[in-house]
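Novice: Starting from the given sequences, assemble the full structure and let the hints guide the process.
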Amino acid sequence: MNAAKSFSSRLAGWLPRIVVAPSLLVVIVTVYLFILWTGVISFTSSKFVPIYDFVGLEQFVRLWATPRWHTAVANLFIFSALFLLLSTGIGLLMAILLDQNIRSEGFLRAVYLYPMALSFIVTGTAWKWILNPGLGIQKVVNEFGWTDFRFDWITDPKMAIYTVVIAGVWQSSGFAMAIFLAGLRGIDNSVIKAAQIEGASLPLIYRQIIIPMLRPAMLSVIVLLSYIAIKSFDLVLALTNGGPGSATELPSTFMFSATFRRNQMGVGAASAIMMLMTVAAIIIPYLYSELRERNNG
Amino acid sequence: MSKFLASLVAATMLVPAAARAEGTIEVLHHWVSQSEVDALNVIRKDLETKGFQWKDSAVGGMSGANAQQALRSRLTSGDPPGAMQFLGWEGPQWAEQGVVRDLNDLAKAGGWREALPPQLLTFVTSADAFIAAPINMHRQNWVWANKKIFDEAGIAVPKTWADLIAAGKKLKEKGVTPVAMGDEPWQIGIIFDALLSDLNGPEFYKKAAIDLDPAALNSPEMVKVFDTLREVRGLVDDNFVGRDWAVATGMVINGEAAMQFMGDWAKGEFLAKGLKPNTDFYCFATPAKVTSFQYVIDSFGMFTVKDETVQKAQVALAETIMDPKVQKGFNLIKGSIPARTDVSVDDFDDCAKLGFNERAEAIKAGSMLGAMTHGFAAKPEFASVFGDVAAQFFVGNMSSDDAVKMLVEGIDNAR
Chain A
1 MNAAKSFSSR LAGWLPRIVV APSLLVVIVT VYLFILWTGV ISFTSSKFVP
51 IYDFVGLEQF VRLWATPRWH TAVANLFIFS ALFLLLSTGI GLLMAILLDQ
101 NIRSEGFLRA VYLYPMALSF IVTGTAWKWI LNPGLGIQKV VNEFGWTDFR
151 FDWITDPKMA IYTVVIAGVW QSSGFAMAIF LAGLRGIDNS VIKAAQIEGA
201 SLPLIYRQII IPMLRPAMLS VIVLLSYIAI KSFDLVLALT NGGPGSATEL
251 PSTFMFSATF RRNQMGVGAA SAIMMLMTVA AIIIPYLYSE LRERNNG
Chain B
1 MSKFLASLVA ATMLVPAAAR AEGTIEVLHH WVSQSEVDAL NVIRKDLETK
51 GFQWKDSAVG GMSGANAQQA LRSRLTSGDP PGAMQFLGWE GPQWAEQGVV
101 RDLNDLAKAG GWREALPPQL LTFVTSADAF IAAPINMHRQ NWVWANKKIF
151 DEAGIAVPKT WADLIAAGKK LKEKGVTPVA MGDEPWQIGI IFDALLSDLN
201 GPEFYKKAAI DLDPAALNSP EMVKVFDTLR EVRGLVDDNF VGRDWAVATG
251 MVINGEAAMQ FMGDWAKGEF LAKGLKPNTD FYCFATPAKV TSFQYVIDSF
301 GMFTVKDETV QKAQVALAET IMDPKVQKGF NLIKGSIPAR TDVSVDDFDD
351 CAKLGFNERA EAIKAGSMLG AMTHGFAAKP EFASVFGDVA AQFFVGNMSS
401 DDAVKMLVEG IDNAR
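Residue numbers (this note's numbering), protein chains in the order written: chain A, 1 to 297; chain B, 1 to 415.
No lab work stands behind these hints: they were computed from the structure. Hints may be right or wrong, so weigh each one.
Straight-line Cα separation of at most 27 Å, BS3-like style, residue types lysine-lysine; simulated pairs [said to hold, decoys possible]:
#1 A/K47 x B/K172
#2 B/K206 x A/K47
#3 A/K47 x B/K207
#4 A/K139 x B/K207
#5 A/K158 x B/K224
#6 A/K139 x B/K170
#7 A/K158 x B/K55
#8 A/K47 x B/K405
Specialist: Right, dumping it as structure tokens:
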């Protein structure tokens, strides 16, 4: 009796671990093992198929001597920074405006959130047409009579990356709005009432009280959006296909074409490792500080 | 209901039963558009008359890169398909890995080497082995032109690039877009490949695009290629970003644009609209003193497999593909010309006939060249550098000298 009881209690203790084990195993193999394998490949001279020799940092040297990679890295920083800043900013603004007890809020919320339901491929293709000077915005404005209006960023190698930002922000700011709105609804009204009694103005209340209280929502938004920014491979593919020329190349598109289309598996692996390092360098300290604070608090 | 069920069961039983008779071969390829599938059916039907079944494994997208991906995983897991469509260096590269079946006995018995243009053998042989059966040959360096626009402007088919550019400028003044194209690197690459040979001769093309000779890469001739490419840019409208090649062909068809530089897969777009070569539209090679024939071929390689019925099916498929009758039937639909040089030209349209003639001349003149942009010259790691530089040059405002410098550095970096 006693033994049986201890067995079932032991089983109860082990059950969660047993249930989680298969998925843990799958994650270890398909994510971490392949990260390790990519790391190994980046130190080899692999071209068309993997070759297991050791050439040191040769592929990394080659990678950093490739102008397309420099374009890709610069683009990633421009795109991620602007995408995060604008999506979060616009999302927060929309959430605050929607939170003012307005009429048909549910309808408006759905309208702003809807782009998130589209895939980046659809967004990219639609914006490709909207931004094309011969089909989209420029043509419409020109036909209304403002004939020297120019909006041809998508054809300009220097400006094309900003069109990717526009399409990305259009898609994702509604999503940021939804999370912020949920955060706003979670704030206790009495705090605001107390501040109002103390004579604080509305902007001051938002700046000093509400937005700081949205910090958990902010963390979710930033983590989720940065991951969208880094994997925005499909958006670029549909919107500009890396063009004009290779002006909107991102590290992800670079990695794909080096590995699978250009016989440069070693260079592709090196670029993947560089991406991993960059992401780790930004995300790990941030997560660390955020999670530690929460544990302390 | 039970009748329906019975017939359903019978139908599903029937196919494997017929297949088991002689053998089934799975063919991995990336042809998914209607004309491509129709053309493949010519092969499939001939194979069926020999008693073998064709199991279709089509993986479309990314110009065959997706199908290559599928192949890699199949090979890694030890389950290769019976046959695979090869483009460019894929065949020889897989052969180096020792996974491709040698078809040399068949090739000798069938006289394949003699029936094919010698320049092609680079891509279907590896050392002594014959590794793939080529079905067709596209030509990359065609110009497709709207005849009505040419006639109204009093323009004749240009004999040199200078003529062509002068004609383009004239058309631009009249308000017609001279050249329809998109900004995809391969579309720009088609023009770049043509200029390499047309301006400087086929020997220069071989030195630069195949041997990667540093002296040829860093030469005044190369600067001239970029200078001319810049002039061509002046003939393209500003809305070319993101334009699909078939959309550009449509612009030539409906008279919005005068010309397009494109391989002969564009011909199908004209023919589908019921237009006739030389009455409604012109097809001519990119102009040069020595006209080049820049070829793109599709071939099918067979993988080493243990299953004997599949091995038999591989032999049957290879023989079917190399059958002149099948090559004719296939290419009449696909818009290309047979890889074999001994197939009669009857029944083909005027553009294809011109292609046949110019191929025969090019083989003699040494101007039969693999098309770099489609992977038939330098290996992909180098060809893509040419593509990058040409595309960046074309869409931006880089100087020709800077482009040459970038090209030389890029090639050295990839070596």
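Novice: Each hint should be assessed against the structure and marked as holding or not.
Specialist: Now for the hints, and whether the structure bears them out:
Restraint check for A/K47 and B/K172: not satisfied, since their Cα atoms lie roughly 45 Å apart, outside the 27 Å limit. A hinted pair counts as satisfied when its Cα atoms are at most 27 Å apart, and B/K206 with A/K47 qualifies at roughly 23 Å. Only pairs whose Cα atoms come within 27 Å are accepted, and A/K47 paired with B/K207 is accepted, the gap being roughly 23 Å. Taking the CA atoms of A/K139 and B/K207, the gap is near 46 Å; set against the 27 Å cutoff, the hint is violated.
Taking the CA atoms of A/K158 and B/K224, the gap is about 26 Å. The hint holds against a cut of 27 Å. Distance restraint check for A/K139 and B/K170: the Cα-Cα separation of roughly 26 Å lies within the 27 Å cut-off, and the hinted pair is therefore satisfied. With a C-alpha separation of about 48 Å, the suggested pairing of A/K158 with B/K55 is violated against the 27 Å cut-off. Simply put, A/K47 and B/K405 have alpha-carbon atoms about 25 Å apart, close enough for the 27 Å limit, and the pair holds.
Hint compliance for this structure: hints 1, 4 and 7 are not met, and every other hint is.
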